[in-house]
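K.L.:
Assemble the whole structure, with the sequences as input and the hints as a guide.
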Amino acid sequence: MLQSIITQFLSGFSVVAILVIAALGLAIIFGVAGVINMAHGELIMVGAYTAAIVGKLGGNTFAAIPVAFVVVGLLGLVIERGIIRWIYDRPLETLLATWGVGIILQVLVKLIFGPELYYVGAPKILEGGFRVIGRLPFPWYRLFLIVTAILLLLLVFYVIFKSDFGLKVRAVRRNRAISGCLGIDTARVDMTIFAFGCGLAGIAGAVLAPIKSVSTTMGFPYAVDSYMVLVLGGVGSLWGVLAGGALIGESETILSFIFNNVIGRLLVFLFIVVIIRVVPRGIFGFYERR
Amino acid sequence: MRVSRRRVLQSTGGGLAGILASGVAPYSFVRNIVQAAESDTIKVGILHSLSGTIAIIESSLHNAELLAIEEINAKGGVMGKKIQPVVEDPQSLVQVFAEKAKKLLLEDKVVAVLGCYTSASRQSVLPVFEENNGVLLYPTLYEAQECSKNCFYTGAVPNQQLDDFVPWIINTLGRKKFYLIGANYIYPKETNREVKALLQKHGGTTVAEEYSPLGSTEFSTNINKIASSGADIVFSDLVGDQIVAFYKQFKEFGITAKDIPICTPITTEQEIAAMGPENALGHYTSFNYFQSVDTPQNHSFVERYKAKYGKDAVTNAVMEAAYFQTYFLAQAIAKVKSTDADALIYEGLPGQEFLAPQGKVKIDEKNHHTWLWSRIGKANEQGQFDVVWKSEDWIRPQPWVPYLYPGKTCDFTDKRVLDRLKKPWSAEKNRSGTIDL
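Chains as they are written, first to last, in our numbering: chain P, 1 to 290; chain D, 1001 to 1437.
Simulated from the structure, these hints should not be mistaken for laboratory data.
Quantities reported herein were computed from a predicted structural model and do not represent experimental measurements.
Among the hints, a few may not be true.
[Unchecked claim] Chain P is faced by these chain D residues, among others (derived, beta-carbon under 8 Å): (1) N1184; (2) E1218; (3) D1241; (4) G1276.
[As the list claims (entries may be wrong)] Here are the simulated distance ranges between beta carbons: (5) D/P1213 to P/A63: 28 to 36 Å; (6) D/T1053 to P/F62: 28 to 36 Å; (7) D/R1193 to P/V159: 50 to 58 Å; (8) D/P1213 to P/L74: 30 to 38 Å; (9) P/F220 to D/S1229: 26 to 34 Å; (10) D/P1213 to P/L155: 44 to 52 Å; (11) P/W99 to D/M1079: 33 to 41 Å.
Even glycine gets a Cβ: it sits at the ideal position worked out from N, Cα and C.
P.N.:
Here it is as structure tokens:
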């Protein structure tokens, strides 16, 4: 029993990694540009289809990651320039507009690729696993997901806290008007961060495709999970993404192990409701002066 | 930019015309048939989603039925008349199914409808068929425990997939400790009820029974549980996307079909193509029909299907039923020389036989379900199934299996049922053929 719990805890890490990877792009766009991106799940889906095409052309997941980042990032750029930039100051409308974009993306992908499920394989080098404890080996691919999550978090930390661009991003996030007065091109910051966040969603699709299923409707559950992570962890905080992902991922795997999947999920939802009641802005919620 | 009213009218008008044109184009051949035959046709409704979430499978049923109609018409039609398909798209929405069914019956006055896929859609259209005395032919395997006067069920019921499968696993594979995993809705729960009853009868045990919320694709926890439970076979009623994710992650965690095989009444060639044959290798599925079934009828069926829908098209068990039920209908109309619903229901369809790709099939004389063959397939490297077991004879359908519902049966020749059906329709007095023994 103890052995199983430890194994469970370990595979919980991979679930945390999946949640962090999926939620990161959403967190950045929400945190900086203030856009509730309802098309997030569909952007992940486009990333997964990109990986499927790369796979058909002979590339593996490693090749798919940069391609998906660029493809979905450019798609994000088009969405931002075409739609979002006109309605930044109207949150309700960005919500509806991105929802519409999500539906359009789903239908477009279905028109181009057809409604059937798509095949994406894992790279040969990441097949199999290594033995830690208990009866089951820990899969290399899961370890790869954990490493990817850490690297992506570091990348985002670097971009936001160490680069010049990040300084501007944080300035715009704190006070848009003053930043504009001081000569920061706020529209450009918004545009770049939106495209960057979309690109991260693309990466999420590319790395999740080999162990999940690829279909036009695959995005929705990821979007739901990502929002839960964000709401629990606190909007606009990178630590929040990690904390939210860790809490949800570990508690869901442990609870599902003790009870079952349905009750596990139920308890996690209940848990989130309680936390939100106590700290409405999430665990690492940002209390800023207005 | 100011938008003038004229401009709006122009653009929306153009858009509407475009939508109409695109909607009509794929069915232009239907219109040709209409013009060629005009009044001299027999109208048959086809009610499968061509858009929305279930379109993936339902469009293949639609294709199979159109193929059958084309073949029947090429051979001269029925009673010298061509069959004219009237196609409606219920868009994967349960409430639209009922609306479209009503339209087909009352406006188009079709003789019968070939349609539906999910149990939810069938249950939503049944009251429409019962109230208006229409005929529905339904091709999906389903959880049974239903029999309606106005519906003919041509897919498998659990006893035709499980009654031989479960003892085969216990005796031939020699595995007794079952781990049941399924999606959290009615079909898997009913199926597992039956599996558990069969396990009790044949000396197997249920190690655990688990359900995963629909849409959830993370199975590491379940796989960990399976490994630590001591189970030696997994019985899966997962559906859709979940199938692909589960098989992939099962292999990811290093469990092969030699360690613990997955046995299922659901996974088809289509899902295997989506997960990659390496992830399904050696796992078992029980079905009436596989694309690899070795009969002359099936070779020619697969060939004709690919000729019409492209060489990459794959066939599956449900569309095979969709295909042969179209022939059932044509033969029934020819037999009673009438398109009257009651003539078809009482005389035409019961007892109708056809040499289908899976073998000879027949609609039961009494319970409106279909005699089918049972097969067990083992997934191979090509993503097809090698048939490792086949029933010696066709299997009688039992909408109420005796070991779960000992007191119930379905019999439309029984006097009590016939008396009940003579009374005028109302919501309480349904058209069921179920009786207590």
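K.L.:
Given a hinted range of 28 to 36 Å, is it respected by the beta-carbon distance of D/P1213 and P/A63?
P.N.:
holds, 34 Å
K.L.:
Against chain P, run the beta carbon of D/D1241 and see if the smallest gap drops under 8 Å.
P.N.:
holds, 4 Å
K.L.:
Are P/F220 and D/S1229 spaced within 26 to 34 Å by their CB atoms?
P.N.:
holds, 31 Å
K.L.:
Could you check if D/N1184 really has its C-beta closer than 8 Å to a C-beta on chain P?
P.N.:
holds, 6 Å
K.L.:
Given the hint of 33 to 41 Å, check if P/W99 and D/M1079 actually sit that far apart at their C-beta atoms.
P.N.:
violated, 53 Å
K.L.:
Is the hinted range of 50 to 58 Å satisfied by the C-beta distance from D/R1193 to P/V159?
P.N.:
With a Cβ separation near 54 Å, D/R1193 and P/V159 satisfy 50 to 58 Å, so the hint holds.
K.L.:
A closest beta-carbon separation below 8 Å is what the hint needs, so does D/E1218 meet it against chain P?
P.N.:
Given a least distance of 6 Å, the restraint on D/E1218 holds.
K.L.:
For the pair D/P1213 and P/L155, does the Cβ-Cβ distance stay inside 44 to 52 Å?
P.N.:
violated, 33 Å
K.L.:
Take a look at whether the Cβ-Cβ distance between D/P1213 and P/L74 falls inside 30 to 38 Å.
P.N.:
holds, 35 Å
K.L.:
Hint D/G1276 vs chain P: min CB-CB distance below 8 Å?
P.N.:
holds, 5 Å
K.L.:
Would you say the C-beta atoms of D/T1053 and P/F62 sit inside 28 to 36 Å of each other?
P.N.:
holds, 32 Å
Hint violations for this structure: numbers 10 and 11, all remaining hints satisfied.
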